[in-house]
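*Asks:* Protein chains in written order, with the numbering used here: chain A, 103 to 347; chain B, 16 to 311.
Think of the hints as simulated: they come from the structure by calculation, not from any bench.
Hints may contain errors.
25 Å max Cα-Cα, derived SDA-like pairs, lysine to any residue [as the list claims (entries may be wrong)]:
#: 1; chain 1: A; residue 1: Lys-238; chain 2: B; residue 2: Gly-189
#: 2; chain 1: A; residue 1: Lys-294; chain 2: A; residue 2: Ala-142
#: 3; chain 1: A; residue 1: Lys-238; chain 2: A; residue 2: Leu-278
#: 4; chain 1: B; residue 1: Lys-301; chain 2: A; residue 2: Ala-206
#: 5; chain 1: A; residue 1: Lys-238; chain 2: B; residue 2: Thr-186
#: 6; chain 1: A; residue 1: Lys-247; chain 2: B; residue 2: Val-160
#: 7; chain 1: A; residue 1: Lys-247; chain 2: B; residue 2: Leu-188
#: 8; chain 1: A; residue 1: Lys-238; chain 2: B; residue 2: Arg-187
#: 9; chain 1: A; residue 1: Lys-247; chain 2: B; residue 2: Glu-197
#: 10; chain 1: A; residue 1: Lys-247; chain 2: B; residue 2: Arg-185
#: 11; chain 1: A; residue 1: Lys-247; chain 2: B; residue 2: Met-262
#: 12; chain 1: A; residue 1: Lys-247; chain 2: B; residue 2: Gly-259
Listed below are several chain B residues computed to face chain A (Cβ distance under 7 Å; list not exhaustive) [to be verified]:
#: 13; residue: Ala-204
#: 14; residue: Ile-207
#: 15; residue: Asn-208
All C-beta atoms in this analysis are idealised placements derived from N, C-alpha and C, irrespective of residue type, glycine included.
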Amino acid sequence: MPEAAFARTEPADQPMLAVEDLHAWYGESHILHGISFHIAPGEVVTLLGRNGAGKTTTLKAIMGMVPRRRGSIRFEGEEMIQTRSDRIARRGLAFCPEERGIFASLSVEENLLLPPAVRPGGLSVEAIFELFPNLKERLRSQGTKLSGGEQQMLAIGRILRTGARLLLLDEPTEGLAPVIVQQIGRTIERLKIEGFTILLVEQNFRFASTVAERHYVVEHGRVIDQFQNRDLPANIAKIQEYLGV
Amino acid sequence: MFELIGIPPQAFFGQLLIGLINGAFYAMLSLGLAVIFGLLNIINFAHGALYMMGAFVAWFLLQYFGLGYWPALILSPIIVGAFGAVIERTLLRRLYHLDHLYGLLLTFGLALMIQGVFRYYFGSSGQPYTIPPLLQGGVHLGFMVLPIYRGWVVAVSLLVCLATWFIIERTRLGATLRAATENRALTQAFGINVPRMITLTYAFGVGLAAFSGVLAAPIFQVSPLMGADLIIIIFAVVVIGGMGSIMGSILTGFALGVVEGLTKVFYPEASNTVIFVVMAIVLLIKPAGLFGRAHA
Ligand SMILES: Nc1ncnc2c1ncn2[C@@H]1O[C@H](COP(=O)(O)OP(=O)(O)OP(=O)(O)O)[C@@H](O)[C@H]1O
Ligand SMILES: [Mg+2]
């Protein structure tokens, strides 16, 4: 039988994640005002924007972690706007929060092994130690006794084991020394080669431009502009204005 | 030595044993409260009533189904635990986003209702429940006679407490529970079914209370108010130990039982109040409790 008989039913350019007209609220405050964007499989895409623009809220809304949301979030073609956060994770999304979310009552090893495998094909623990050798030496330590950089490695490392294919990383370089930022940059490169799809929130657009293919600029809970990475140099002034830097 | 201070060794060890027995119940009940409070953020005032229910279920099983102590020791925690799961699903779940006070009020109301129903049918007198034949009698230890049943209660509750501690502090399941206790939303966003875990944790804490109730049935009789008397002391134990520490609740429970027993030997007048005196002192010196972490 020729391979073509088993041609994929979905178009090849179907986005892995498609967010459309997404609204989110914290109590009475309306934070996301119809944000829309998409990511193709294997892409690295960033959300750029000032403090309070709604980047973290966007990631949390995708993960089902906001109290109220409306609109559409389709992952691999399936609607998730009504889905509970643990079931969203089980579909193959994983979240690395801005504050890192390392558990103080868990050891490094327990933190690393906490997220259950949701799909086959996650990185092995050994592969994670290869990416982040520091973790291996600190397995027995309390999670929050690690340095800021090591905590960030742990926060990224633990979601690589689960088999999730779409990673939501919220400002992974925030507050870290340049060498660690470089290490995280190399890690993202590696993950790209491994075929992970990454939605990256960044304020540091210089870092973003070294790893991402496309960028969305977020303001007041919606996308106000977008760029291909190769067009970035021509738009520096504009972006600096958007980000207020 | 005992002759010197005028206390016969038989009385001393007798009270020490009673202290250990009471301490066993304090430990198991405050342990359940700590586990529930940790994950659900609810101070389970219904704990005493559920302990009483555990004893009554054992009594019912014997009266109506001819099932004795050993099956009751397994079945009663399961039955009462299932009742707890229903309470969690239908009532407690609505309160998690509110202040502790609401959970306290709701479970206090539940305790009154449960006790009210049992009092309506049984009055306030106790139903006897006999010690299973295997555990009747006593052994001579030289300095005293140890009733086997009492030794059994101390041993089995110590075992249950340590097993609970081990599961929570040393296993993968326990790590998940600790994570959910610390950050429920993030733990759930990793794909862990936290709502189900909360239901099972409440059922476990409640089942532990029912288990204590079955253990208590042959010692204290089965009466509708057996839990009401105990819960006040349990709360003092929890305040002294500090909410949230598993080993803390176990140690504080046993230690206060012993302190209470020994007070009966050395200064009987204070034996009913000594726990509350300790509580007052601890609150003055370390308001978060001996093992508690201060909250922001
Ligand atoms: N839990 C919350 N309750 C109420 N308001 C919130 C909550 N979290 C965020 N907000 C508000 O929502 C808005 C967007 O916040 P968000 O954290 O999404 O911004 P951000 O783009 O990630 O900013 P930063 O770059 O500082 O991380 C802000 O005005 C913030 O004050
Ligand atoms: Mg943010």
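*Asks:* Confirm or reject each hint.
*Replies:* Quick rundown of the hints versus the structure:
1. Note on Lys-238(A) and Gly-189(B): the hinted pairing holds, with a Cα-Cα distance of about 22 Å set against a maximum of 25 Å.
2. A threshold of 25 Å between alpha carbons decides the hint, and for Lys-294(A) with Ala-142(A) the separation of about 12 Å falls inside it, so the pair holds.
3. Among the hinted pairs, Lys-238(A) with Leu-278(A) is consistent with the structure: their alpha-carbon atoms are about 20 Å apart, no more than 25 Å.
4. With a CA separation close to 22 Å, the supplied pair Lys-301(B) and Ala-206(A) stays within the 25 Å bound.
5. Restraint check for Lys-238(A) and Thr-186(B): the C-alpha separation of about 20 Å stays at or below 25 Å, so the hint holds.
6. Note on Lys-247(A) and Val-160(B): the hinted pairing is violated, with a Cα-Cα distance of about 51 Å set against a maximum of 25 Å.
7. Taking the CA atoms of Lys-247(A) and Leu-188(B), the gap is about 22 Å. The hint holds against a cut of 25 Å.
8. With a C-alpha separation of about 18 Å, the suggested pairing of Lys-238(A) with Arg-187(B) holds against the 25 Å cut-off.
9. Straight-line distance between C-alpha atoms of Lys-247(A) and Glu-197(B) comes to about 16 Å, which keeps the hinted pair within the 25 Å bound.
10. Restraint check for Lys-247(A) and Arg-185(B): satisfied, since their Cα atoms lie roughly 19 Å apart, inside the 25 Å limit.
11. Restraint check: the Cα-Cα separation between Lys-247(A) and Met-262(B) comes to about 22 Å, which is no more than 25 Å; the hinted pair holds.
12. Among the hinted pairs, Lys-247(A) with Gly-259(B) is consistent with the structure: their alpha-carbon atoms are about 21 Å apart, no more than 25 Å.
13. For Ala-204(B), the interface hint holds, the least distance from its beta-carbon to any beta-carbon of chain A being 5 Å, beneath 7 Å.
14. Nearest Cβ of chain A to the Cβ of Ile-207(B): about 6 Å, under the 7 Å cut. The hint holds.
15. Given the 7 Å rule on beta carbons, the hint for Asn-208(B) holds: about 5 Å separates it from the nearest Cβ of chain A.
In terms of the numbered hints stated before, the structure departs from hint 6 and from no other.
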